[in-house]
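One-letter residues, chain by chain:
Protein chains: 2
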Amino acid sequence: MEILSENRSFGGVQGVYRHASAATGGDMTFAVYLPPQAAHGRVPCLWYLSGLTCTHENAMTKGGFQEHAARHGMAVIFPDTSPRGPGVADDDAYDLGQGAGFYVNATRDPWAPHFRMWDYVTEELYALAAAEFPLDGRHGITGHSMGGHGALTIGLRNPDNYGSLSAFAPIANPTRSDWGRKQLSAYLGEDEAGWAMHDASILLEERGWKGDLLIDQGASDQFLDLLRPEALASAMARRRQPGVFRMQPGYDHSYYFISTFAGDHVRWHAERLGDL
Amino acid sequence: MEILSENRSFGGVQGVYRHASAATGGDMTFAVYLPPQAAHGRVPCLWYLSGLTCTHENAMTKGGFQEHAARHGMAVIFPDTSPRGPGVADDDAYDLGQGAGFYVNATRDPWAPHFRMWDYVTEELYALAAAEFPLDGRHGITGHSMGGHGALTIGLRNPDNYGSLSAFAPIANPTRSDWGRKQLSAYLGEDEAGWAMHDASILLEERGWKGDLLIDQGASDQFLDLLRPEALASAMARRRQPGVFRMQPGYDHSYYFISTFAGDHVRWHAERLGDL
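Taken in sequence, the protein lines are chains A and Z. Residues in the first sequence are numbered from 1 upward in steps of one, following this note's numbering. Residues in the second sequence are numbered from 1 upward in steps of one, following this note's numbering.
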C-alpha cells in the first residue's frame, strides 16, 4: 500500500492510498480519515460509498465528514467508485463504466474482468483496511446516490459485517429506474432475476435490517424520478422496518445536501456502533 | 447580477453570482452563503478572501464554513482572486496574473486596466453585497494565504468598514518574500515605498488593529519560508497588539487546515461583530 498524501485534519489525518487490487485486477485508490483517537487506540469506522462520476476524493474534500468523525472518534473510509485506467473498459456515458461501478460483480464482457466492486468493497478493501489501519472491528456503512445504493445493498446482505446503516439520496430501486436497468443489464446480463440482489427496496422488504435505518432525501433533488425514494419508503413501511426516512425540504442532490446532514449520519453510526 | 447557482445548505442558501464589474472592467463571479436567519432579517457577514490559484469556489466547497455560519447566523462572501477572461492579462506563472491578484490596484501595464482587486473587494463588491443581500452592515474579514494578506491589509487600512479581523496562514510580509516582491513590483512598480501599504506586518506595527486579532498558522506548512509568519508574530508583540497567534502543530497549507479551524474563526467573528 502506497501513501499518496496525508494531511492533518481536525486533529487526525486525512490520507489517500493506492494498492494493487486482486478483485479489480489493477491499482485502486482510496481515502481514509483517522480521527485523533486513532493515535492512541483502535476506533470504529464508517464506510462512505460515493455516487456516479465520483472518485474517493469528492466526499473527502466536500462532505465535511472529518469534523464529525473527529468528534465521535470514528475513522471514515472513502473507496473509489470503479476500477480505472487505460486497460479498463469504459463507456462514453457518465453512468456506465469508469466512475459508475454500481457496486456489483460484473459477469458480462467487456466489464467482467475488472468491474468487481462488490468483492472489492466487501472483502478486499475490508480486509486491507483492517490490516493497515487501527480499526476495532466495528463497521458502519453509508453512501450517496449510487453509493447509497451500494451501502444499502451491501449492508442488507452482510449484516454480520456492518453494525449500522444509512444513506443519502440512494438509488433506491434500480431494477425500476434508468439508473439501474441499463447498468444491471450491461454488468449482469438481461436476466432480471439476478438484479434483485442489487435493489435496496426489494432487499429491504425481503430481509429487513437488524437495526434501525437512517435515510435522508432532498425534496428538491433533481433526480427524484431516477432515485425512486418512494419505493424504499414504501418497503420500509410494509416491512415495519425501524428507522427514519427524512424528506428534507429545499435540498438538492449536491454535496451541499450531503455536508448539511453528514453530522447527523456520523452521530447515528457512532451511537449504534457503540452497541454492536 | 445574475444567479449562476443556488443550493440549500445547512438550512440556508449557498449561491454563486456574476456581475459586470466597473472596478475590474469585466464580469466577476463571487459566492455568498446566506444562513437560515437571513430569511427572516438582516445578518452580519464575513468576507473570506482566497489564496493563489483559487476562485470563489475552493473555499465554498472545501472550507466547511456553511455549518458554522448557519450556527452563528452569519453570511459569508467568497470573492474571486482576480479578474479573468480572454481580454485580461495573464502570466504563465501560477503566482502572477489571473488567480493571483494580490488584492492591490495595479498601476503598471499590462496589469493596470483590470487588476484592481483592492477597489473591487473594498468598494464595489462591498456596495453590491449590501444592495443585493440582507446584510445588516456588520462586516468581518478573513482569508487564507494570499487571501490572508488581503484580509489583513484591507482590514488594517479600513477599520471603519470591518469590525473583526482574522487570517489563516497569511502571506504576512510580502515585501520580504518571493510571494510578494515579484508581484508588487509587477503590479505597482519598482518603487518599494508604495509596497508597504500592502504588507500586513508593516501595517500592523504602524497602525495596530482596533480589536483583537486571530491568526492561525500550520507548523508543518510547506510554504513557511514564503509566508514569513515570524514577521507578523513579531509585529504583534512589538505593537502590544491584542490577539491570538496560533502555531498549529502538524497542519499544512491545505484546505484540511482551513476547514479544521473554520469554526473557530466564524465564532471569533460572530462574537466580535456582536459588539460592533
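Mixed in with the good hints there might be a few duds.
[To be verified] 20 Å max Cα-Cα, derived DMTMM-like pairs, lysine to aspartate or glutamate: (1) Z:Lys-62 - A:Asp-95; (2) Z:Lys-182 - Z:Glu-192; (3) A:Lys-62 - Z:Glu-57; (4) Z:Lys-182 - Z:Glu-57; (5) A:Lys-182 - A:Glu-132; (6) A:Lys-182 - A:Glu-57; (7) A:Lys-182 - A:Asp-90; (8) Z:Lys-182 - Z:Glu-124; (9) A:Lys-182 - A:Asp-91; (10) Z:Lys-62 - A:Glu-57; (11) A:Lys-210 - A:Glu-271; (12) A:Lys-62 - Z:Glu-6; (13) A:Lys-62 - A:Asp-221; (14) A:Lys-182 - A:Glu-192; (15) Z:Lys-62 - Z:Asp-212; (16) Z:Lys-62 - A:Asp-91; (17) A:Lys-62 - Z:Asp-264; (18) A:Lys-62 - A:Asp-264.
[Stated by the list, open to error] Pair ranges (Cβ atoms, derived): (19) A:Met-247 - Z:Arg-71: 22 to 32 Å; (20) Z:Met-247 - A:Asp-27: 56 to 66 Å; (21) A:Gly-137 - Z:Arg-71: 56 to 66 Å; (22) A:Asn-161 - Z:Arg-71: 46 to 56 Å; (23) A:Asn-161 - Z:Asn-158: 56 to 66 Å; (24) A:Glu-57 - Z:Pro-249: 21 to 31 Å; (25) Z:Met-1 - A:Glu-57: 26 to 36 Å; (26) Z:Asp-109 - A:His-40: 53 to 63 Å; (27) Z:Gly-274 - A:Ala-219: 27 to 37 Å.
[Stated by the list, open to error] Partner residues are not named here, just some residues of chain Z that face chain A (Cβ under 7 Å, in silico): (28) Glu-6; (29) Asn-7; (30) Ser-9; (31) Phe-10; (32) Gln-14; (33) Gly-15; (34) Asn-58; (35) Gly-64; (36) Lys-182; (37) Ser-185; (38) Phe-245; (39) Arg-246; (40) Tyr-256.
Hints are computed from structural coordinates only; laboratory data are not their basis. Note that this is a predicted model, so its numbers are computed, not measured. Glycine included, each C-beta is placed from N, C-alpha and C at the ideal position.
Hint check results:
Taken as a hint, the Lys-62 of chain Z and Asp-95 of chain A pair is broken in the structure, with Cα atoms around 25 Å apart against an allowance of 20 Å. Straight-line distance between C-alpha atoms of Lys-182 of chain Z and Glu-192 of chain Z comes to about 11 Å, which keeps the hinted pair within the 20 Å bound. Of the pairs offered as hints, the one joining Lys-62 of chain A and Glu-57 of chain Z holds, with about 11 Å between alpha carbons and a cut-off of 20 Å not exceeded. Proximity of Lys-182 of chain Z to Glu-57 of chain Z is assessed by CA-CA distance (about 26 Å); at most 20 Å being required, the pair is judged violated.
A C-alpha spacing of about 37 Å is found between Lys-182 of chain A and Glu-132 of chain A, which places the hinted pair above 20 Å, so the restraint is violated. The suggested pairing of Lys-182 of chain A with Glu-57 of chain A is violated, with an alpha-carbon distance near 26 Å, which exceeds 20 Å. Only pairs whose Cα atoms come within 20 Å are accepted, and Lys-182 of chain A paired with Asp-90 of chain A is accepted, the gap being roughly 14 Å. A hinted pair counts as satisfied when its Cα atoms are at most 20 Å apart, and Lys-182 of chain Z with Glu-124 of chain Z does not qualify at roughly 27 Å.
With a CA separation close to 12 Å, the supplied pair Lys-182 of chain A and Asp-91 of chain A stays within the 20 Å bound. Of the supplied pair hints, the one linking Lys-62 of chain Z and Glu-57 of chain A holds, its CA atoms being roughly 11 Å apart against a limit of 20 Å. This hinted pair checks out: Lys-210 of chain A and Glu-271 of chain A have alpha carbons roughly 15 Å apart, not beyond 20 Å. Restraint check for Lys-62 of chain A and Glu-6 of chain Z: the C-alpha separation of about 16 Å stays at or below 20 Å, so the hint holds.
At roughly 18 Å between alpha-carbon atoms, Lys-62 of chain A and Asp-221 of chain A fall within 20 Å of each other, so this suggested pair holds. The suggested pairing of Lys-182 of chain A with Glu-192 of chain A holds, with an alpha-carbon distance near 11 Å, which does not exceed 20 Å. Taking the CA atoms of Lys-62 of chain Z and Asp-212 of chain Z, the gap is near 27 Å; set against the 20 Å cutoff, the hint is violated. Annotation: proposed proximity of Lys-62 of chain Z to Asp-91 of chain A is violated, straight-line Cα distance about 30 Å (limit 20 Å).
For the suggested pair Lys-62 of chain A and Asp-264 of chain Z, the alpha carbons sit about 19 Å apart, so the restraint of at most 20 Å is met. In summary, the hint linking Lys-62 of chain A to Asp-264 of chain A is supported, as the alpha carbons are separated by about 16 Å, within the 20 Å threshold. Distance hint for Met-247 of chain A and Arg-71 of chain Z: a CB-CB separation of about 23 Å, consistent with the stated range 22 to 32 Å. Taking 56 to 66 Å as the suggested C-beta distance range, the pair Met-247 of chain Z and Asp-27 of chain A does not conform, at roughly 38 Å.
For Gly-137 of chain A paired with Arg-71 of chain Z, a C-beta distance near 34 Å fails the hint of 56 to 66 Å. Checked against the given bound of 46 to 56 Å, the beta carbons of Asn-161 of chain A and Arg-71 of chain Z, roughly 36 Å apart, lie outside it. Taken as a hint, the range 56 to 66 Å holds for the pair Asn-161 of chain A and Asn-158 of chain Z, whose Cβ atoms sit roughly 58 Å apart. For Glu-57 of chain A paired with Pro-249 of chain Z, a C-beta distance near 26 Å keeps the hint of 21 to 31 Å intact.
For the hinted restraint 26 to 36 Å between Met-1 of chain Z and Glu-57 of chain A, the CB-CB distance of approximately 32 Å keeps it satisfied. At about 58 Å, the beta-carbon gap between Asp-109 of chain Z and His-40 of chain A stays in the expected band of 53 to 63 Å. For Gly-274 of chain Z and Ala-219 of chain A, the hinted distance range of 27 to 37 Å is satisfied, since their beta carbons lie about 34 Å from each other. Below 7 Å, beta-carbon pairs count as interface contacts, and Glu-6 of chain Z has none with chain A, the closest being about 9 Å; its hint is therefore violated.
The interface hint given for Asn-7 of chain Z holds, since its Cβ lies 4 Å from the closest Cβ of chain A, which is under the 7 Å cut-off. A cut of 7 Å between beta carbons decides the hint on Ser-9 of chain Z: the least distance to chain A is about 4 Å, and the hint holds. The criterion of a C-beta within 7 Å of any C-beta in chain A is met by Phe-10 of chain Z, whose closest approach is roughly 5 Å, and the hint holds. Satisfaction of the interface hint for Gln-14 of chain Z is found here, the shortest Cβ-Cβ separation to chain A being roughly 5 Å, below the 7 Å cut-off.
A distance limit of 7 Å between C-beta atoms decides the matter here; for Gly-15 of chain Z the minimum to chain A is near 11 Å, and the interface restraint is violated. The criterion of a C-beta within 7 Å of any C-beta in chain A is not met by Asn-58 of chain Z, whose closest approach is roughly 10 Å, and the hint is violated. Taking 7 Å as the C-beta contact cut-off toward chain A, the hint placing Gly-64 of chain Z at the interface holds, the least distance being around 5 Å. Using the Cβ-Cβ criterion of 7 Å, the hint placing Lys-182 of chain Z at the interface with chain A is not satisfied: the shortest such distance is roughly 27 Å.
A hinted interface residue such as Ser-185 of chain Z counts as satisfied when its beta carbon comes closer than 7 Å to some beta carbon of chain A; here the least separation is about 33 Å, so the hint is violated. About 18 Å separates the beta-carbon of Phe-245 of chain Z from the nearest beta-carbon of chain A, more than 7 Å, and the hint is not met. With 7 Å as the threshold, the beta carbon of Arg-246 of chain Z stays out of range of chain A, its nearest partner Cβ sitting at about 14 Å, so the hint is violated. With its C-beta approaching chain A no nearer than about 4 Å, Tyr-256 of chain Z sits inside the 7 Å limit, and its interface hint holds.
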